[in-house]
Each structure stands twice: as structure tokens, then as C-alpha cells.
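Chain by chain, the residues run as shown.
2 protein chains.
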Amino acid sequence: MIAEPIEELVRLLARLPGLGPRSARRAVLALLKRPDTLLAPLAAALERCAREVRRCSLCGNLDLCDPCSICRDPNRDAGQILVVEGVEDLWAMERTGSFKGRYHVLGGTLSAIDAVGPEELGVDRLVRRVAAHPNSEVILALSATVAGQTTAHYLARRLKGTGAKVTRLGYGLPVGGELNYLDEGTLKAAFEARQPLS
Amino acid sequence: MIAEPIEELVRLLARLPGLGPRSARRAVLALLKRPDTLLAPLAAALERCAREVRRCSLCGNLDLCDPCSICRDPNRDAGQILVVEGVEDLWAMERTGSFKGRYHVLGGTLSAIDAVGPEELGVDRLVRRVAAHPNSEVILALSATVAGQTTAHYLARRLKGTGAKVTRLGYGLPVGGELNYLDEGTLKAAFEARQPLS
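Residue numbers (my numbering), protein chains in the order written: chain A, 1 to 198; chain B, 1 to 198.
It should be emphasised that the hints constitute simulated quantities derived from the structure, not laboratory data.
Check each hint, because a few of them may be wrong.
[To be verified] Pairs of lysine to any residue, SDA-like flavour, derived with a Cα cap of 20 Å: (1) Lys-33(B) / Asp-114(A); (2) Lys-33(B) / Ile-2(A); (3) Lys-100(B) / Arg-72(B).
[As the list claims (entries may be wrong)] To give an idea of the interface, some chain A residues facing chain B are shown, with a C-beta separation under 7 Å as derived from the structure: (4) Leu-16; (5) Gly-20; (6) Pro-21; (7) Ala-43; (8) Glu-120.
[What the hints assert, rightly or not] So the derived label-pair ranges between C-beta atoms look like this: (9) Ile-113(A) / Pro-35(B): 18 to 28 Å; (10) Pro-67(A) / Gly-185(B): 51 to 61 Å; (11) Glu-184(B) / Leu-64(A): 44 to 54 Å; (12) Arg-158(A) / Ala-14(B): 18 to 28 Å; (13) Asp-114(B) / Glu-7(A): 41 to 51 Å; (14) Pro-35(B) / Arg-157(A): 27 to 37 Å; (15) Arg-11(B) / Glu-7(A): 47 to 57 Å; (16) Gly-185(B) / Gly-107(A): 56 to 66 Å; (17) Arg-34(A) / Gly-185(B): 27 to 37 Å; (18) Ile-113(A) / Gly-170(B): 32 to 42 Å.
Quick reminder that beta carbons are idealized off the backbone N, C-alpha and C, glycines included.
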């Protein structure tokens, strides 16, 4: 009854987080109502991202170049590495404008159930980067959830041998909350009040 | 900070109904995490819809052919025309499986503020289709809102000269609700209990 390419579009959009079948149908109609100003540009943007976006082999960020523009930037302190769970957290941190170091994107947290171990999170790569830089600081900006804090403690232990100062976000991070949902002011405050991990 | 094509994708997705900047960012990351199984297929589906989907010049439905497959279907009664506000309502009606006639998609309701008049809703086209068919029935399946019911009364007046029986959805339609949000059972019941418009 509904034309097959429209059905296919609804099915694909319904797989995005926050969209279900009903909202996907509404989105498809909004797209079909604006073929030139919304549908075609979106198709082109997706196609361009599919072709051009790659993951940074140093830090795990998503960018057009590898190493990413943050890892290439000589003005950003290679001796300060902020560890985040995902690229959305890196984006949130960048929006605060208060961090001038570099990142390590874990791509998740340690999880026995989902078979996510240190290898999946690139922990060896992080340890090597930190060890290569004397007097460096590693800021563990992980969510204040059990999984986030477990991962933070594991990382702190792994980083002990490097001589780096290991801190975590402090003041302002609400217990049980996810980094990604913080407002920028709170995130900035938490960054500035970071504390050494005991 | 965020690569330009990713920003562009976030901006475009944030324009879809039900998505804001935050959920658009989450959607983009979900897409970038699945480049081959989600991002590329979505780009292809959009591109295909942009190329192939057209509006039916008879009824206003969206389909790959014009006239659309419902208007072409000889098994669907051309003497029964169900008038809906939008294609989402046509889809909702088709999902009930209880209607075997054809449609007229208004594309909105009469609105002085938005400068939507009978011309924008294709009312002349509807009247001609109805007049061309003796003993036809027009079912006004509009939302039970002020705008929907104002439009329904206007249509009933315009259709008077055609000799067609004009009905409206009856039993089950909650007052103040929009057709598009009805569950299929209620919509089916409303269709079966349709009543002549006094």
C-alpha cells in the first residue's frame, strides 16, 4: 500500500535512537514535503559523511582526516589527555571551550556481558600515548555510573606505571547521570574542579 | 571543532519533526557507527525517494507512479472517496484494511491565517471527481478539531450539488483528537459507524 522506497525509508529512520515507526513516518512525510530543501540535502550530507568521515587512529574521534584535527593541532597540549566514553562526550566537552588538550575516545565502558574489554577500548594505545609524554595529565571524564566508574578505576590502575597525574571530573557531576546530558556550565565547572584520583 | 559534514548532517536531521539538536547528534553517531548497515542504506533510500516518489495528480497520495497505485487499482471503488487531511492519514486508514475505495488528500485544512483556501486543498478537483461518478459516497475523515470540522462542513456544502452521499467518521473518534494518532481498532470502528452529515 505504501510505496516500497517510502517504507524502506521509514524502516531505516525508525532504527535511529529516539525515533519509532510513528515518528519515522512523520519524519518521512516532512522530508517528502521538502524534496529540494531537506530531502536531497540530507541524502547528500549522508553520502558525504559515508565517504569522508573516518575514525582517528590516535584518539578515536570522528573527523575528515586521520589523525583528526584535534590530534594534529600544535596548539593543543599533547600532555593533557581527556578520556571520554564516546564522541558525543568529546563534542560536549568541546562545546564548553574550556579544554585545550587532546582526547582518548574509549567507544564504551568495560562490560563483561557485552564482551567489551581493554582491547576494545584501546587502553594499550592510551597507555602508550601517555607514557610517551613526560609529566602528562590524564583526565578521566567518564559518566558517574557504575560502568563509567569501574572503567575509570581500571584505567587509573593501568596508568599508574606511566608517572602521569590521573584526575577525574569533580564538582558538579551529578551521581547517576551521564556526561552527555550535562549542561555546559556544569560540565565546565566539573572540568575546572577536577581532582587527583586517590 | 566538529567536522563540517557531520555538523551539516546534525543540522538537517534536527529539522525533522520530533528531533532536536541533541537527538540529532545521537542519531548521527548511531549512523556513523554503522556506516554500511545504516548510513549508506539511508542515503540510498533518501536518494531513491527524491528521484522516484511523486504526488498523484488525482488524489494527492505519494507513490512511484501518477496516478498512484490506489487510483489505478480497478478493484478499488471509484464511487467511494475518503477525504483525509494528509498522506499520514491515508496510511493510517490503509493499515486498518477496512476501506476499499479511493482517496482525496487535502494536504491540510482551510486556514485564513496560513492562506490555505479551497484551491490549495484541491476542492474543485474533488468535486469534479465526485460529480463524474453517479451514486458516489464521500467520507470526510478529517480530524475532530475546529479546523478539521470547519473544513468538513465547507466540503459538505461544496459537494451538495453533486448528489453524492456525504458521510463523516462517527463512533470512536475522540473529540479534540487528531486522526493520525488513533489506534487502528478505533479508526476501524469509526469508519464502520460513519453517519450521514446533517
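Evaluated hints:
1. Lys-33(B) / Asp-114(A): 16 Å, holds
2. Lys-33(B) / Ile-2(A): 29 Å, violated
3. Lys-100(B) / Arg-72(B): 13 Å, holds
4. Leu-16: With a closest approach of 4 Å, the Leu-16(A) hint holds.
5. Gly-20: Where the cut-off is 7 Å and the nearest Cβ of chain B is about 9 Å from Gly-20(A), the hint is violated.
6. Pro-21: 11 Å, violated
7. Ala-43: OK, holds: Ala-43(A) within 7 Å of chain B, min 4 Å.
8. Glu-120: Constraint on Glu-120(A) not satisfied, violated at 13 Å.
9. Ile-113(A) / Pro-35(B): 18 to 28 Å: The hint (18 to 28 Å, Cβ to Cβ) holds, given that Ile-113(A) and Pro-35(B) are roughly 25 Å apart.
10. Pro-67(A) / Gly-185(B): 51 to 61 Å: Holds - the Cβ-Cβ distance for Pro-67(A) and Gly-185(B), about 57 Å, lies within 51 to 61 Å.
11. Glu-184(B) / Leu-64(A): 44 to 54 Å: Since the Cβ atoms of Glu-184(B) and Leu-64(A) sit about 46 Å apart, the hinted range of 44 to 54 Å holds.
12. Arg-158(A) / Ala-14(B): 18 to 28 Å: Violated, at about 38 Å.
13. Asp-114(B) / Glu-7(A): 41 to 51 Å: About 30 Å separates the Cβ atoms of Asp-114(B) and Glu-7(A), which means 41 to 51 Å is violated.
14. Pro-35(B) / Arg-157(A): 27 to 37 Å: 34 Å, holds
15. Arg-11(B) / Glu-7(A): 47 to 57 Å: 27 Å, violated
16. Gly-185(B) / Gly-107(A): 56 to 66 Å: About 44 Å separates the Cβ atoms of Gly-185(B) and Gly-107(A), which means 56 to 66 Å is violated.
17. Arg-34(A) / Gly-185(B): 27 to 37 Å: The hinted range 27 to 37 Å holds for Arg-34(A) and Gly-185(B), with Cβ atoms some 33 Å apart.
18. Ile-113(A) / Gly-170(B): 32 to 42 Å: Violated - the Cβ-Cβ distance for Ile-113(A) and Gly-170(B), about 52 Å, lies outside 32 to 42 Å.
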